[in-house]
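Read top to bottom, the protein sequences are chains A and B.
Anchor point for the first sequence: position 138 equals 138 in full-length UniProt numbering, and the numbering is continuous, going up by one each time.
Anchor point for the second sequence: position 322 equals 322 in full-length UniProt numbering, and the numbering is continuous, going up by one each time.
You may find that some hints are simply not true.
[What the hints assert, rightly or not] Cut-off 30 Å, straight-line C-alpha distance, at most; resulting in silico cross-link-like pairs (DSSO-like, lysine-lysine):
{"id": "1", "chain 1": "B", "residue 1": "504", "chain 2": "A", "residue 2": "232"}
{"id": "2", "chain 1": "B", "residue 1": "12", "chain 2": "B", "residue 2": "84"}
{"id": "3", "chain 1": "B", "residue 1": "23", "chain 2": "A", "residue 2": "318"}
{"id": "4", "chain 1": "B", "residue 1": "131", "chain 2": "B", "residue 2": "204"}
{"id": "5", "chain 1": "A", "residue 1": "127", "chain 2": "A", "residue 2": "279"}
{"id": "6", "chain 1": "B", "residue 1": "23", "chain 2": "A", "residue 2": "127"}
{"id": "7", "chain 1": "A", "residue 1": "127", "chain 2": "B", "residue 2": "84"}
{"id": "8", "chain 1": "A", "residue 1": "318", "chain 2": "B", "residue 2": "113"}
Since the hints were made in silico from the structure, they are not lab data.
This is what each chain is made of:
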Amino acid sequence: MHPIVTLVAQRVALGVLLLFAASILIFVGTSILPGDVAQSILGQSATPEALANLRAELGMDQPPLTRYFTWLGGVLQGDLGTALTNGRDIAESLGSRLGNTLFLAFWAAVVAVPLAIFLGLLAVRYKDRWPDRLISAVTLTTISIPEFMIGYVLIYWVSIQMGWFSSVAIINDSMSLGQKLNAIAIPVMVLTLVVLAHMMRMTRAAILNVMQSAYIETAELKGLGMLRIIRKHAFPNAIAPIVNVVMLNLAYLVVGVVVVEVVFAYPGMGQYLVDHVSKRDVPVVQACGLIFAAVYIGLNLVADLVSILTNPRLRHPK
Amino acid sequence: MTDPLLKIRGLKIGATIYPPGEKAREIEIVHGVDFDLAPGKVLGLIGESGAGKSTIGLASMAYGRGGVEITDGTVEVNGRDILKAPFRDVRRLRGGEVTYVSQSAAASFNPAKQIMEQVTEAAIFQNKFTKAQAEARAVDLFRKLGLPEPETIGNRYPHQVSGGQLQRCMTALALCPEPDLVVFDEPTTALDVTTQIDVLAAIKEAIRDTGVAALYITHDLAVVAQVSDHIMVLQQGAMVEYGTTDQIINDPQEDYTRALVSVRSIRHEEKQPTNTPVLRVENITARYSGLSFDVLKNINVELHPGQTLAVVGESGSGKSTLARVITGLLPPSAGRITFDGRTLTPDLATRPVEDLRELQMIYQMADTAMNPRQTVGTIIGRPLEFYFGLRGAEKQKRIQELLDEIELGDGFIDRYPAELSGGQKQRVCIARALAAKPKLIICDEVTSALDPLVADGILKLLLDLQKIEDVAYLFITHDLATVRAIADSIAVMYQGSVVRYGPKSQVLAPPFDDYTDLLLSSVPEMKLGWLEEVLRHRKMESAGH
Numbered sequence: 001m002h003p004i005v006t007l008v009a010q011r012v013a014l015g016v017l018l019l020f021a022a023s024i025l026i027f028v029g030t031s032i033l034p035g036d037v038a039q040s041i042l043g044q045s046a047t048p049e050a051l052a053n054l055r056a057e058l059g060m061d062q063p064p065l066t067r068y069f070t071w072l073g074g075v076l077q078g079d080l081g082t083a084l085t086n087g088r089d090i091a092e093s094l095g096s097r098l099g100n101t102l103f104l105a106f107w108a109a110v111v112a113v114p115l116a117i118f119l120g121l122l123a124v125r126y127k128d129r130w131p132d133r134l135i136s137a138v139t140l141t142t143i144s145i146p147e148f149m150i151g152y153v154l155i156y157w158v159s160i161q162m163g164w165f166s167s168v169a170i171i172n173d174s175m176s177l178g179q180k181l182n183a184i185a186i187p188v189m190v191l192t193l194v195v196l197a198h199m200m201r202m203t204r205a206a207i208l209n210v211m212q213s214a215y216i217e218t219a220e221l222k223g224l225g226m227l228r229i230i231r232k233h234a235f236p237n238a239i240a241p242i243v244n245v246v247m248l249n250l251a252y253l254v255v256g257v258v259v260v261e262v263v264f265a266y267p268g269m270g271q272y273l274v275d276h277v278s279k280r281d282v283p284v285v286q287a288c289g290l291i292f293a294a295v296y297i298g299l300n301l302v303a304d305l306v307s308i309l310t311n312p313r314l315r316h317p318k
Numbered sequence: 001m002t003d004p005l006l007k008i009r010g011l012k013i014g015a016t017i018y019p020p021g022e023k024a025r026e027i028e029i030v031h032g033v034d035f036d037l038a039p040g041k042v043l044g045l046i047g048e049s050g051a052g053k054s055t056i057g058l059a060s061m062a063y064g065r066g067g068v069e070i071t072d073g074t075v076e077v078n079g080r081d082i083l084k085a086p087f088r089d090v091r092r093l094r095g096g097e098v099t100y101v102s103q104s105a106a107a108s109f110n111p112a113k114q115i116m117e118q119v120t121e122a123a124i125f126q127n128k129f130t131k132a133q134a135e136a137r138a139v140d141l142f143r144k145l146g147l148p149e150p151e152t153i154g155n156r157y158p159h160q161v162s163g164g165q166l167q168r169c170m171t172a173l174a175l176c177p178e179p180d181l182v183v184f185d186e187p188t189t190a191l192d193v194t195t196q197i198d199v200l201a202a203i204k205e206a207i208r209d210t211g212v213a214a215l216y217i218t219h220d221l222a223v224v225a226q227v228s229d230h231i232m233v234l235q236q237g238a239m240v241e242y243g244t245t246d247q248i249i250n251d252p253q254e255d256y257t258r259a260l261v262s263v264r265s266i267r268h269e270e271k272q273p274t275n276t277p278v279l280r281v282e283n284i285t286a287r288y289s290g291l292s293f294d295v296l297k298n299i300n301v302e303l304h305p306g307q308t309l310a311v312v313g314e315s316g317s318g319k320s321t322l323a324r325v326i327t328g329l330l331p332p333s334a335g336r337i338t339f340d341g342r343t344l345t346p347d348l349a350t351r352p353v354e355d356l357r358e359l360q361m362i363y364q365m366a367d368t369a370m371n372p373r374q375t376v377g378t379i380i381g382r383p384l385e386f387y388f389g390l391r392g393a394e395k396q397k398r399i400q401e402l403l404d405e406i407e408l409g410d411g412f413i414d415r416y417p418a419e420l421s422g423g424q425k426q427r428v429c430i431a432r433a434l435a436a437k438p439k440l441i442i443c444d445e446v447t448s449a450l451d452p453l454v455a456d457g458i459l460k461l462l463l464d465l466q467k468i469e470d471v472a473y474l475f476i477t478h479d480l481a482t483v484r485a486i487a488d489s490i491a492v493m494y495q496g497s498v499v500r501y502g503p504k505s506q507v508l509a510p511p512f513d514d515y516t517d518l519l520l521s522s523v524p525e526m527k528l529g530w531l532e533e534v535l536r537h538r539k540m541e542s543a544g545h
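Please model the entire structure based on the sequences and the hints provided.
Right, here's the structure in full:
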């Protein structure tokens, strides 16, 4: 069998294993949290009988191991349980929220990833000259400012002063794509500014690292132009580290956008999670945790696979 | 007389260096060099590392590596000063009129691209040929250079062909755009001798067939004598001597040239074996985990006290693996190692400290074998503390003694490795090994990274120290000249087996087995026409069989 098939199968198996480990951590983590859902639902004045009844109803009197497997069995069948606080099916309410989060993350990625790589290439081309310094300075500045700050600044200037886009990013299913994009334009800008620096700097570093290689000198001595050298000889050998950092940032776009969602009142997963954490709604927290873990593991798996598939030694064995 | 293709006048080249702990400063590394090269001729540039030969070679493409800059002089290619030409013209020159073959083809090929694409890239980019023409020409060159499957080898990736083949591909890359001049920068230095001779012959034939002119840069006078019409000897950025190849080899005028011609002048009397060997390797078989074949197959050798056993062979023959087995880094799958009358445990971790002390190692790369943040005194003092518990003034005294033994006198004790030359670094490594008062030192290619004259000094030192300290050397090398210089007995290794073993006088005397014959006859000799002679001889032999 082609060695690459084995390698890929190994990585995928490892990813699945990691996901199970993450599910255990999430379950144990939420189980040892202080506080009691029954108490928080019924309030301080609840009678002991009422509390015991509610616990039994919620399945909280079972041993932890049984509870874990019941939960896991449900998750594997697509049943994330019901929210304790409002009794709704979690999978259902999470579905549209997840869709919204992915929608925002997708458009932020569409803008940020090509821009970051392009700026990284540009910084290499003009290394240590003013374009490189300007790119570095600007991206470092935007990553250093807290994102809510950037959010409010952009709302003030872009939305209120110039009146270009909506300052509130509430979207719903009845809106057209154009309306939706208009609504999320400013959050996309904020997210882009936040993730740009990391990706751009890694691209720059990865390509500069490759530019030290002897085969770059060979290319220079062929009389090739700098941009062609970067594009044809340096970039293909720098893909693996670049994809790695891109995936980390994509994961951040899905998982780490809580603040931005709150600032723009965007109906995504982050807000949903924060709401339910404050209400001690454990099943919702678990479900969100598991989805975040799956996103992280999945995207990093993709990064691993890309670095395997772009390695010529693995792709074309002797 | 025809106009010269390459005309260099008063070439001065400077570089910015960053000495540790000091401010960066400018130094001059080439101090005004002049020469002409006629079309279709080959000029050999020879000298030790730091002589500026690569720098001069690259200057003919108006290129400076790293912080290197051409500060003065003119470089005319086809009558045009390329140092004053606009950058656009320089780019047309590179890869079009002048091309370059580097020492390490393995590093100079892009690992992510197929060979054909890289070989034809310059020819297509410079509009010399269309893609189809360039590819046809590349296949033709592959065939001329004796590469296997010339039609399809271009579809492979660099890691899918051997080092010698890749070096030929690099030559094809340089010849593909039909340049007027090729700069060969040590193109065979990284190859085994048996591979070197084939690549050398291929390069020579390609130069002759295409009528291209060449600058052939090397530190090996015997190699350059085979391919060049003229030779320029360089030392520390200045010309020492220039003449026809015949004159330089047979009638050198300058002392430095004479030293280069007569290098390896060490004469060593072979010692007789004693009754009790210090090291006995019996039936050793070993493999690396994950490999499906044995890297060492049933090895049997002996080494006597105060003597030198040279283990010689090509890369991949298993010589360094043998050292790993003896030092316990790789426990063998079968066999026994007896050291000074006692059996060594297979694994390093279970060996008593005494065994570790009496068996020391010196490595090829002195650079990486020393902690760059420790002074010479700390480096040499470490075994003194560890094995003998020496402290304070006593330790300092012993360090100074050792430094005297390796001829590095006062003032070196507080220096850092970065402040030493290559030869001095290797001397410090020798002192560190000696500090343990070992009975056996394994020397793994200790002179391979050094210039011939410096290597000679190291070998002389090792022989002198052997007399004083009565230490035995297991000397691993691919260089037969080194073997001749210092060995008492020799083991020739090939594909994991010892194919020939015995006292030096027997191993180096006919009748030879096939492999030893091939190995010995491949070592370049310092005379004109040696290459043709060997190839003719080989052709006759293969015809006779």
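Status of the hints after comparison with the structure:
no., hint, in the structure
1, B/504 - A/232, "violated, 53 Å"
2, B/12 - B/84, "holds, 15 Å"
3, B/23 - A/318, "violated, 48 Å"
4, B/131 - B/204, "holds, 27 Å"
5, A/127 - A/279, "violated, 52 Å"
6, B/23 - A/127, "holds, 23 Å"
7, A/127 - B/84, "holds, 24 Å"
8, A/318 - B/113, "holds, 15 Å"
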